[in-house]
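Q: Now for the letters of each chain:
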Amino acid sequence: MGQDIQQQRIITKILGKPVRYVRSLFRPLVRERRTLPGILSWIGLVMLLGFIFIGIFAPVLVPIQQTNALAYPILLPPNAQHWMGTDGIGRDVFARVIWGARTSLTIMAIGALLALIVGFPIGLFSGYVGGWVDRALVLVMDSVYAFPGLLLAALIAAVIGKGIFNIGIAITVIYIPLYFRVTRSQTLSTREELYVEAARALGARSWTIMLRYIAFNVVIVIPVIFSLSAADTILTAAGLSYLGLGLEIDVPGDWGRDLSDAQKYLGSGIWWTSLFPGLMIILLTIGLSFLGEGLSDIINPLLRKERS
Amino acid sequence: METFLKIDDLSVGYWTRRGKVGALVGIRLEMSEGETLGIVGETGCGKSTLGKAILGILPPLTEIQGHIFFRGRDLPRLGLEEYRRLRAKEIALIFQDPMTRLNPLMRIENHFVEEILAHESVSKAEARSRAREALLSMGIHESRIRNYPHEFSGGMRQRIMIALALVLKPSLLIADEPTTSLDVIVESQILEILQDLKRVYHMSLQLITHNMGIVAEICDRVAVLYAGKLVELGSAHDVFHKPLHPYTQGLLASIIHLDTKELHSIEGSPPDLISPPSGCRFHPRCPYAQQICVEKEPPLVEFQKGHLAACHFGDTFL
Numbered sequence: 001m002g003q004d005i006q007q008q009r010i011i012t013k014i015l016g017k018p019v020r021y022v023r024s025l026f027r028p029l030v031r032e033r034r035t036l037p038g039i040l041s042w043i044g045l046v047m048l049l050g051f052i053f054i055g056i057f058a059p060v061l062v063p064i065q066q067t068n069a070l071a072y073p074i075l076l077p078p079n080a081q082h083w084m085g086t087d088g089i090g091r092d093v094f095a096r097v098i099w100g101a102r103t104s105l106t107i108m109a110i111g112a113l114l115a116l117i118v119g120f121p122i123g124l125f126s127g128y129v130g131g132w133v134d135r136a137l138v139l140v141m142d143s144v145y146a147f148p149g150l151l152l153a154a155l156i157a158a159v160i161g162k163g164i165f166n167i168g169i170a171i172t173v174i175y176i177p178l179y180f181r182v183t184r185s186q187t188l189s190t191r192e193e194l195y196v197e198a199a200r201a202l203g204a205r206s207w208t209i210m211l212r213y214i215a216f217n218v219v220i221v222i223p224v225i226f227s228l229s230a231a232d233t234i235l236t237a238a239g240l241s242y243l244g245l246g247l248e249i250d251v252p253g254d255w256g257r258d259l260s261d262a263q264k265y266l267g268s269g270i271w272w273t274s275l276f277p278g279l280m281i282i283l284l285t286i287g288l289s290f291l292g293e294g295l296s297d298i299i300n301p302l303l304r305k306e307r308s
Numbered sequence: 001m002e003t004f005l006k007i008d009d010l011s012v013g014y015w016t017r018r019g020k021v022g023a024l025v026g027i028r029l030e031m032s033e034g035e036t037l038g039i040v041g042e043t044g045c046g047k048s049t050l051g052k053a054i055l056g057i058l059p060p061l062t063e064i065q066g067h068i069f070f071r072g073r074d075l076p077r078l079g080l081e082e083y084r085r086l087r088a089k090e091i092a093l094i095f096q097d098p099m100t101r102l103n104p105l106m107r108i109e110n111h112f113v114e115e116i117l118a119h120e121s122v123s124k125a126e127a128r129s130r131a132r133e134a135l136l137s138m139g140i141h142e143s144r145i146r147n148y149p150h151e152f153s154g155g156m157r158q159r160i161m162i163a164l165a166l167v168l169k170p171s172l173l174i175a176d177e178p179t180t181s182l183d184v185i186v187e188s189q190i191l192e193i194l195q196d197l198k199r200v201y202h203m204s205l206q207l208i209t210h211n212m213g214i215v216a217e218i219c220d221r222v223a224v225l226y227a228g229k230l231v232e233l234g235s236a237h238d239v240f241h242k243p244l245h246p247y248t249q250g251l252l253a254s255i256i257h258l259d260t261k262e263l264h265s266i267e268g269s270p271p272d273l274i275s276p277p278s279g280c281r282f283h284p285r286c287p288y289a290q291q292i293c294v295e296k297e298p299p300l301v302e303f304q305k306g307h308l309a310a311c312h313f314g315d316t317f318l
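Residue numbers (the numbering used here), protein chains in the order written: chain G, 1 to 308; chain P, 1 to 318.
Worth flagging that the hints you see were computed from the coordinates, not collected in a lab. For clarity, every value in this text was computed on a predicted model and none was experimentally measured. Even for Gly, the Cβ is constructed at its ideal location relative to N, Cα and C. A hint or two may mislead.
[Claimed, not checked] Which chain G residues face chain P? A few, computed with CB under 8 Å, are given here:
1. G130
2. R181
3. S185
4. L194
5. A198
6. A201
7. L202
8. Y213
9. A215
10. N217
[Claimed, not checked] Just so you have them, the derived chain G footprint on chain P, three or more residues with Cβ under 8 Å:
11. 95-102
12. 161-175
[As the list claims (entries may be wrong)] Label pairs and their in silico Cβ distance ranges:
13. P:G72 <-> G:V219: 41 to 49 Å
14. G:V133 <-> P:G72: 34 to 42 Å
15. G:L194 <-> P:E151: 12 to 20 Å
16. P:R71 <-> G:E192: 27 to 35 Å
17. P:E267 <-> G:R34: 56 to 64 Å
18. G:R27 <-> P:P284: 54 to 62 Å
Work the whole structure out from these sequences, hints included.
A: Below you can see the structure in the form of structure tokens.
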């Protein structure tokens, strides 16, 4: 009994911070549910959760064999057995689309998360330290940012090779500057907050100031850029695959590549092989954008209010 | 005996696009232990800069010249870590504007725990109990210790800030307009608290303010700053009864009493500190200004024992 309580306490202690952070994010979302940004965010969130569900349970929903070449007759139009038809090499389009969600979400998670993990601390450090370190980092990041994203990703992908993880890394490089810039600018304004000066006056260590006083107040903007950059990630990954620089051929589902393969049949009136993968890209991107835009409309006024 | 606090020829300059702003120029000032020194002057005359300079929390790239000796150590030449250890432990600062001085995402308790642990190696539990004590002594119930800053009123937050500044029992407290943004009743409470603390801990207090009433009430000595320069220094009694600098006279004349029929003010506004006026910095606004005031900078002269002023005609006001 007593041990149970002890255990409970330890669990709340460890989980306390993240749970509180998530809760503090959801509270405005619940409060704003009847306003336009609130509705947008909820639609986006539900769409994203739907895709995550599909991605996780793909093996349960459709057997992987259906995504193999020559599993079925080629180019069957949508019918009762093949809801979205079959493609040029006899794969079930529906199965490809479902398994494609898994692939896209994995790349998105790797790309956006890595960019966050690298970009956030560098932005924080750069903004906090300032001076020539800051200038140098801004210069580097801006030059990466100025480079056309898809081209850069294609270049990196060509160098480090195909594969889900490699594509994730190639995409990360494009989005690091985005996280860097947003984090840095938020840090610059938070650094001037009076409570930061007060903490310094009370003899707080630099690390404490950077982590407890600045980082916690900066991290609020992350969900917004995370959803927006994730939407972009999907497009870039699809673009790379479309260009043939993306994944290996044996990946069970890859929207971008399927779209590229489907291109040659479009002229003969075979629409189903390109429509459905394309639709999925659009839907997932829209969902993430709704979530990102909605969140930014909810969170930014909150920030502004807090500041005034 | 070594002096408690001795500011020697301190100059502070901020660099801006238009040039250097001389926020403080050649300040010489001493404070003894247990003393209350009032620092008065208009907005932008360098009062807050002085407090921050002592604590070493001026923005980076600020130019600091001269010495600030505190118990034998020259503060501007202190190592970063040594300086950090000194803050709050030996010298603490209370700011004006308590509404924005606490981290909105941190519980009150954690503000204290973090501060105590940054200076002393005690257990977290010990730090917590000291936090409770400090808050109780400021009249804030311990049930509120786990609240967030936004759950308190302005007066309560200022008391929390005072508790934070005092929890490590510093020997010098700098209060930078601690009551400016508070209403009159809270103001008198805060001032009472400060006076009590002085009595109990025999703490030295540097009170930065533009409110001459507060100075008269609780300060032993007064330093008057104008445009970054020290223009008058003396006991509160002397400065109030026999102000030797026309600027101090102007400040005193502009206090509003119950029987005030007509408002007095000092003509003009404080000068641009990037290119200050020649000679005496106050001459463009001074009713007694002569040719010499434009040409020659008046030195700080001791006209009476312990009563200094920087005016060519100081002796005529004696």
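Q: All hints are to be evaluated individually against the structure, with a verdict given for each.
A: Each hint tested on the structure:
Annotation: interface hint on G:G130 holds; nearest CB of chain P at approximately 7 Å, less than 8 Å. Among the interface hints, the one on G:R181 is violated; its C-beta lies about 22 Å from the nearest C-beta in chain P, farther than the 8 Å criterion. Hint status for G:S185 relative to chain P: violated, with the closest Cβ pair at about 18 Å, above 8 Å. Against a cut-off of 8 Å between C-beta atoms, the interface hint on G:L194 holds, since the closest Cβ of chain P lies about 4 Å away.
Checking G:A198 against chain P: minimum C-beta separation of about 4 Å stays under 8 Å; hint holds. The closest approach between the C-beta of G:A201 and any C-beta of chain P is roughly 4 Å, which is under the 8 Å cut-off, so the hint is satisfied. The closest approach between the C-beta of G:L202 and any C-beta of chain P is roughly 4 Å, which is under the 8 Å cut-off, so the hint is satisfied. At a threshold of 8 Å, the smallest CB-CB gap from G:Y213 to chain P is about 5 Å, leaving the interface hint in force.
At a threshold of 8 Å, the smallest CB-CB gap from G:A215 to chain P is about 10 Å, leaving the interface hint violated. Look at G:N217: its Cβ gets to within about 6 Å of chain P, closer than 8 Å, so that hint holds up. Under the rule that three or more residues need a Cβ within less than 8 Å of chain G, the assignment of the segment 95-102 of chain P holds, with 5 such residues. For a cut-off of 8 Å, the count of residues in the segment 161-175 of chain P with a CB near a CB of chain G stands at 3, and the three-residue condition holds.
P:G72 and G:V219 have their C-beta atoms about 44 Å apart, which keeps the hinted 41 to 49 Å range intact. Between G:V133 and P:G72 the CB atoms are about 35 Å apart, so this pair conforms to the stated range of 34 to 42 Å. In this structure the hint that G:L194 and P:E151 lie 12 to 20 Å apart at CB holds, the actual value being about 18 Å. Distance hint for P:R71 and G:E192: a CB-CB separation of about 32 Å, consistent with the stated range 27 to 35 Å.
Between P:E267 and G:R34 the CB atoms are about 58 Å apart, so this pair conforms to the stated range of 56 to 64 Å. Checking the proposed 54 to 62 Å range against G:R27 and P:P284 shows it holds: the Cβ atoms sit about 56 Å from each other.
This entry does not satisfy hints 2, 3, 9, going by the numbered hints stated previously.
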